[in-house]
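Student: One-letter residues, chain by chain:
Number of protein chains: 2
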Amino acid sequence: MSEKLCKSMSLLWGAGSPPCWRVMITLEEKRLQGYKRKLLSFQKGEHKSQEVLELNPRGQLPAFRHGDVVVNESTAACLYLENRFQSQGNRLIPDSPAEQALVFQRMMEGLTLTDRLNSVIYYDLLVPEEERHDSTLKRSKETLSTELQLWEGYLQNAPTWLGRSPWQMWSFIQTLRLLSAGRFPKLAKYYSLLKERPSIKASWPPQWMSSRQGYGVLKDL
Amino acid sequence: MSEKLCKSMSLLWGAGSPPCWRVMITLEEKRLQGYKRKLLSFQKGEHKSQEVLELNPRGQLPAFRHGDVVVNESTAACLYLENRFQSQGNRLIPDSPAEQALVFQRMMEGLTLTDRLNSVIYYDLLVPEEERHDSTLKRSKETLSTELQLWEGYLQNAPTWLGRSPWQMWSFIQTLRLLSAGRFPKLAKYYSLLKERPSIKASWPPQWMSSRQGYGVLKDL
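Just so you know, the sequences run in chain order A and B. Sequence positions in the first sequence follow full-length UniProt numbering and run 1 to 221. Sequence positions in the second sequence follow full-length UniProt numbering and run 1 to 221.
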C-alpha cells in the first residue's frame with residue numbers, strides 16, 4: 001500500500017462504537033494503517049457537526065472517505081475495502097462459494113445480534129422513562145439470550161468461518177467479557193482468541209469499557 | 001444456466017415478506033428461474049415447521065438452499081447469488097469501486113429504512129397492548145418520515161445506482177404506493193419504474209397487498 005493511497009483515506013470515529021471499530025479493524029486487516037483519523041465525542045454531540053454531516057447526512061459515525069468515495073455504513077465500508085484491496089493483507093471474504101455464503105450469512109446475522117444486544121444494554125438510553133416497561137426489557141433479555149445460544153451453537157458446529165471474516169463478532173466483543181463464561185463457553189473461548197488478534201489489539205479504543213454503565217443489565221442473562 | 005443447477009436450488013418462502021421477495025427478485029435478475037419453490041403460510045405458523053427449522057434455525061423465511069450451500073439471510077443470499085453467478089443475467093454489483101461503494105452503502109441503509117418502516121406498520125403486531133404508547137408511535141412515524149426524506153434526497157442527487165442494485169428499494173415497494181406522491185415525488189417516480197421491471201413483475205406475490213391491514217397508519221406521514 002503506497003503512502004499516497006493511505007493519505008487519501010480519512011475516518012471520523014467515536015470511541016465505544018462497534019460500527020466504527022468494525023471499519024478500523026478491517027483497515028488493520030487490510031494493512032491500511034496510514035490513514036488520517038480523528039476521534040470525535042458523542043457526549044459533546046460532535047457526530048452532529050458540520051464536518052460529519054458533509055460526509056454523512058445521518059450525522060452518525062463512522063464517516064469514511066477514500067479519495068472521492070464516501071462510504072459511511074460500516075458493513076458497506078468493510079465490503080468496499082475487502083473488494084477494493086482484495087490482494088492486500090488478509091482475505092476477509094474467501095473464494096470458495098460455500099465459505100463465502102457462510103461469511104455473508106454470519107455477517108448479516110451479526111447485525112441482528114447487535115440489535116438485540118443494543119435493545120437490552122441501551123434500553124434506558126433509547127426509551128423515555130414514561131414509556132418503559134419491565135415486561136419489555138424482560139422480553140428483550142430473553143430474545144438476546146436465545147440469540148446468544150444460537151451463536152453458541154454456530155461456534156460448536158462450524159468454527160472454520162471464525163478466522164476468515166469475524167466482522168459479526170467484533171461488534172459485540174465488549175459484551176462477551178461480561179457474559180457468564182459458564183453459560184456461553186464457546187463464545188467465551190472465541191472472545192479470548194479475538195482479544196489476541198493483532199488487528200483488534202492495534203485498534204482497541206482506549207476509552208472502550210472505561211465505564212461499565214448499562215452493562216449490569218447483562219449480569220442475569 | 002443449466003436446468004440441473006436450477007434444480008439444485010430450492011426456496012421456502014412466505015407471501016408478503018420483503019426478505020423473501022428480495023431473494024426471488026435476485027433469482028429473476030440472475031435468470032435462475034427454474035428453481036424449486038414452496039409457499040408457506042405465516043398465519044398457519046409454517047415458518048416454524050421442522051422443514052424450515054432444518055434449514056433455518058431461526059424459523060424464518062426465506063430458507064434457501066443451493067446444493068450443499070444453505071444461506072437464509074436475504075441480503076447474504078443476494079450477495080452470494082450475485083458473486084456465484086456474476087456473468088449471468090444482470091450485474092447487480094458494478095465493477096467501478098465508486099459505484100460499488102454506493103451500491104453497498106444503499107443496500108445496507110435500506111435495512112435501516114425497512115426497520116423504521118416496520119416499527120410503524122407493525123407496531124400493534126410487535127408490541128403488546130399494555131406496552132403501547134401514542135408517543136412511541138408518533139416518534140417512530142417522525143423517524144420514518146425523516147428517513148423517507150433522506151431517500152427522496154438520494155434519488156434527487158444520484159439516480160444512477162437505481163438500475164444497478166435496487167435491493168434496498170424493493171424491500172419497501174409495497175409501501176411506496178401508499179405514500180403521498182406529493183410529499184415524496186422522487187420515491188413515487190421510482191416506484192412507478194420498479195413496478196415495470198420484468199424481475200419484479202415476474203415475482204410479484206399474488207397475495208401481496210390483498211389486505212391493507214396496518215397500512216392506514218402511513219396515511220398521515
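Don't read these hints as lab results, they were simulated from the structure. Small disclaimer: the values here were computed from a predicted structure and weren't measured. Worth double-checking, as some hints may not be accurate.
Which copy is meant is left open, so a pair is good if it fits within one copy or across any two.
Claimed, not checked - Think about it this way: if two alpha-carbon atoms lie no more than 20 Å apart in a straight line, the pair counts; the simulated SDA-like pairs of lysine to any residue are:
id, residue 1, residue 2
1, LYS195, TYR123
2, LYS186, PRO57
3, LYS201, ASP134
4, LYS38, GLU28
5, LYS195, PRO205
6, LYS48, GLY153
7, LYS48, GLU147
8, LYS186, ILE93
Student: A separate judgement is required for each hint: does it hold in the structure or not?
Tutor: Each hint, compared with the structure:
For the identical chains of this complex, LYS195 and TYR123 are neighbours neither inside a copy (27 Å) nor across copies (39 Å), given an alpha-carbon limit of 20 Å. For a Cα distance limit of 20 Å, the shortest separation of LYS186 from PRO57 across copies, 18 Å, qualifies, whereas the shortest one inside one copy, 39 Å, does not. In this homomeric assembly, LYS201 and ASP134 never come within 20 Å of each other (Cα to Cα): the closest approach is 37 Å inside a single copy and 46 Å across copies. For the identical chains of this complex, LYS38 and GLU28 are intra-copy neighbours only, at 16 Å inside a copy versus 44 Å across copies, given an alpha-carbon limit of 20 Å.
In the homo-oligomer, the alpha carbons of LYS195 and PRO205 lie at most 20 Å apart inside one protomer (13 Å), although the nearest pairing across protomers, at 47 Å, exceeds that limit. In this assembly of identical chains, LYS48 and GLY153 lie within 20 Å of each other by CA distance solely across copies; the values are 18 Å between and 40 Å within a copy. In this homomeric assembly, LYS48 and GLU147 come within 20 Å of each other (Cα to Cα) only across copies, at 16 Å, whereas the closest approach inside a single copy is 32 Å. Taking the shortest alpha-carbon separations for LYS186 and ILE93, neither the intra-copy value of 23 Å nor the inter-copy value of 36 Å comes in at or below 20 Å.
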